[in-house]
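S.K.: Take a look at the letters that make up each chain.
There are 2 protein chains.
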Amino acid sequence: MKKIDLGKLVRPSVCGLRAYSAKEIPCKVKLDANESPYAYDSRKIAKLAAAIRTNRYPDPESRELRKAAGKRFGVSSENILQGNGSDELIYYLIAAFSGPVLFPVPTFSMYGIISRALGETDIAVPLDGEFDIDLERTLRVVKKEKPKLIFLSSPNNPTGNCFSSERILKIIETSKGIIVVDEAYQPFSSEKGFLPLLKDYPNLVIMRTLSKIGLAALRVGFLIADPQIIREVNKVRLPFNVNSFSQAIATAALKDRGLDSAIRNIVSERNRLFLAMAKIDGIKPYPSEANFVLFEVKDPVATYNALLKKGVLVRNLADSMKGCLRVTVGTPEENTVFLKALKECAI
Amino acid sequence: MKKIDLGKLVRPSVCGLRAYSAKEIPCKVKLDANESPYAYDSRKIAKLAAAIRTNRYPDPESRELRKAAGKRFGVSSENILQGNGSDELIYYLIAAFSGPVLFPVPTFSMYGIISRALGETDIAVPLDGEFDIDLERTLRVVKKEKPKLIFLSSPNNPTGNCFSSERILKIIETSKGIIVVDEAYQPFSSEKGFLPLLKDYPNLVIMRTLSKIGLAALRVGFLIADPQIIREVNKVRLPFNVNSFSQAIATAALKDRGLDSAIRNIVSERNRLFLAMAKIDGIKPYPSEANFVLFEVKDPVATYNALLKKGVLVRNLADSMKGCLRVTVGTPEENTVFLKALKECAI
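Chains B and W, in that order, are what the protein sequence lines are. For reference, each letter of the first sequence is one residue, going 1 to 347 in our numbering. For reference, each letter of the second sequence is one residue, going 1 to 347 in our numbering.
A couple of the hints might just be wrong.
If several chains are the same, the list does not tell them apart, and a pair holds so long as it fits within one copy or across any two.
Taking lysine-lysine and the DSS-like style, the derived pairs with C-alpha atoms no more than 25 Å apart in a straight line are [as the list claims (entries may be wrong)]:
no., residue 1, residue 2
1, K143, K170
2, K67, K47
3, K255, K47
4, K3, K176
5, K3, K144
6, K144, K340
7, K199, K176
8, K199, K170
9, K67, K23
10, K298, K310
11, K2, K144
12, K279, K8
13, K71, K279
14, K255, K67
15, K8, K298
16, K199, K2
Don't read these hints as lab results, they were simulated from the structure.
Construct the complete structure from the given sequences, taking the supplied hints into account.
M.R.: Structural data, given as C-alpha cells:
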C-alpha cells in the first residue's frame, strides 16, 4: 500500500484548523441557533417543490430570486448577488478581495473561520464596554494593517445591539477597503440599516439572509452592493450555487406577507422576554435589536445545564462572552416555558 | 460621493477573470447540458419537501445523506464528504491542498475555472490522439511541477471515453499529490471505476455526483476518499453547505431503484444514438461511456444553428474541441427528433 505525507500536502494554514462541529443536542424547546420559530407553509412548499424538474440545472443567475430580493430591498437585480447562505458569500468576498480581514469581537464566528480556511489573516478588535465599535482603536488598526475587508455585524451576534451608525460611517469613510455590514438581524431592528446609503458609498457591501426569518433550511443569503463590486465577486461564484428548490421557495417567501407578520411577532416576544428576564433575580439581560437576548448569569454552565434538564436548549457563549448565555426568541408558548424554567433555575 | 479603486482591491488573480455565463437558449429539445431526461417523481418530492421545517438549519454533517451514499458506493460514511454539487468539492479540494492543479484537456472546464478563481496555477496537458492521457508527457510534468492536485474525469467530458486504467494507476503511483478521479459519468460506463482501489491508495479521491442521473436541480456531489483526506477537506467546508431539501430528496433518491432503471434506459439509448449517427453521411460520432455523444461535423456552427432552428439544442464545443458538437442522450422520443433533425441538416 502506498503511503502519503498529508502534512506536506495540505495547505499549512489549513493543517491547524479544526472542522466546524455542531452536535445535535436533544431538547424539547430549541432556542440555541437564532432560528425563527415559524416554518414556511408546508402546503405552499409541497406545491412549489413538485413543480421542479429535478433533472434540470438551476438557473445559474437566480434571476427570479434576485428580482424578488431586489424588490424587497428596494434595489435593482444588478445590485444583488445570491449565495448558498451568507456563509458562502463571506467565502466569495474573501476569495475575491483577500485579507487582511478585520472585525470587532465578539461577533459572528464565520468571519474568522472562513478567513483562516482561505489562509488569510484575520484581525479581531475588541468591542468597547457598551458592546459598540471601539472607533479609535479600529481606525488605528485600519491605518496600520490596511484590511481589504471589514465585517460589521449590526445588529451584532451575540451582543444583540446595533453599532453606532456614526462609527460605522466613519469607518466606511476612512478605510480604503470594503466594509461589509452584515444585516442578518436587521429585520428585527428598529433602526433603518444601511441600504439607503448604498448609493453614496461604493465600498459598502450589505449582507442579508433568509436564515433568521424562517428559511434557514434553504440556505439563501444576499450581497447587496454597487454593481461593480457584484461583478467582481460574481467571478469567483460557482455557477449553480443556489439550487432550484431554494430559488423557488425563497422567491415565493420573499413576496409573502406572512414573513413580515412573523417578524412582528418575534419582535414583540423579544421585548416581552427582555422585560420578564430583567425581573428575575440574578439574571441580567442586555437590550436586543435582534431575534435573541444575551444575558448574564452567575454560573452560566450550571444555568445552561439546569435549563437543558428542563428541556430548554440555549447557547452557552463560554468561548466568546464569558458569563453569558444567549436565548433565541421562540413562539409565545416556548418563551413562557423558557421563562418559567429560568425562574426555577435562578432560585 | 466616495471613490474607490477596485482594481487595487480585487485580488490580482481575480481581476482578469470572467464570470461564468450560461445563457438560456429557448428550445424544444434540450440536449446541451448532460442532464438526465428523467426527473424524480414529483409526488415523492412534494411529500418529502412538505415534511421539512424550513425554519431549522440543515444537518451540518448530512448524516442520513452520507449514510445512503455510503451504502450505494459500498463505503462507510467516514469515507464521504458532501458537496453543494461537485463544483463546490473542487473548490474545497483546491482550498485545502492548493495548487498547482493539473488536468488533461479537453476536459470539464471547472477544474481550471476554480483553480484560477482561487489564484492557483493550473496546468493543462493535452490528451493524446485517442483522447487518452498522454502518460509520458503527464509524468514529465508531474515530476517537474509537482502538482498538489490532479483531476482526471473518467469517463471524460466532452470526449466521452474512459481513460486507460493502467495510465491512471501509473499516475496515482508516481505522483506525491492527490489524484481526483471525477466519476460524474461512471454510472453510464461499462468499466467498474476506481472505488474498489480506494483502500490501496491513500492519495486517491473519487468524485461522484447526482447531477447526471436526474437530480441536477439539487446540487449534490460527493468526495469519496480515505477518512484522513476527508477530515482535511472537511476543515474548509461551510457547515451548512447542503440544504435540507437537497439532503432529504437526495437521500430518498439514492435508495430508489428508479434511479438505476433510468440509467439503463439512457445507456441503451446512447448506444442506439451512436449507431444511428454513424450511419449519417458527414457525421462522425465517437464511442461514449457517458450520457452524451461527441461528434465531428464539417461545419459545426452551421449544424448547431440548423439543429436549433428545428428546436434541438446541443453543445457547440468551439472552445475546447474544434469541429465537434456534443449531444446529451435524451428520452427515446427526443433522440428520435434529434436524429431526424441531424439527418436533414447533414443533407
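S.K.: Give a verdict on every hint.
M.R.: The hints, checked one at a time:
In this homomeric assembly, K143 and K170 come within 25 Å of each other (Cα to Cα) only inside a single copy, at 13 Å, whereas the closest approach across copies is 53 Å. With identical chains, the CA atoms of K67 and K47 are at most 25 Å apart within one copy only, with a shortest distance of 21 Å there and 28 Å across copies. Taking the closest pair of Cα atoms, K255 and K47 come within 25 Å of each other both inside a single copy (16 Å) and across two copies (23 Å). Only between protomers do K3 and K176 lie at most 25 Å apart by alpha-carbon distance; the minimum there is 9 Å, versus 48 Å within a single protomer.
When the C-alpha separation of K3 and K144 is checked against a cutoff of 25 Å, the pair qualifies only between copies, where the shortest distance is 21 Å, while the shortest distance within a copy is 45 Å. For the homomeric pair K144 and K340, neither the shortest alpha-carbon distance inside one copy (50 Å) nor that between copies (69 Å) is at most 25 Å. When the C-alpha separation of K199 and K176 is checked against a cutoff of 25 Å, the pair qualifies only within one copy, where the shortest distance is 17 Å, while the shortest distance between copies is 51 Å. For the identical chains of this complex, K199 and K170 are intra-copy neighbours only, at 16 Å inside a copy versus 57 Å across copies, given an alpha-carbon limit of 25 Å.
Taking identical chains as interchangeable, the C-alpha atoms of K67 and K23 lie at most 25 Å apart only when they sit on different chains, with a minimum of 17 Å there against 36 Å within one chain. Taking the closest pair of Cα atoms, K298 and K310 come within 25 Å of each other only inside a single copy of the chain (19 Å); across copies the shortest separation is 75 Å, beyond that limit. Taking the closest pair of Cα atoms, K2 and K144 come within 25 Å of each other only across two copies (21 Å); inside a single copy the shortest separation is 48 Å, beyond that limit. Taking identical chains as interchangeable, the C-alpha atoms of K279 and K8 are never at most 25 Å apart, the minima being 57 Å within one chain and 53 Å between chains.
For the identical chains of this complex, K71 and K279 are neighbours neither inside a copy (42 Å) nor across copies (54 Å), given an alpha-carbon limit of 25 Å. In this assembly of identical chains, the alpha carbons of K255 and K67 lie at most 25 Å apart only when taken from the same copy (10 Å versus 36 Å across copies). In the homo-oligomer, the alpha carbons of K8 and K298 never lie at most 25 Å apart, since the shortest distance is 46 Å inside one protomer and 49 Å across protomers. Taking the shortest Cα distances, K199 and K2 sit within 25 Å of each other only across copies (10 Å), while inside one copy they are farther apart (58 Å).
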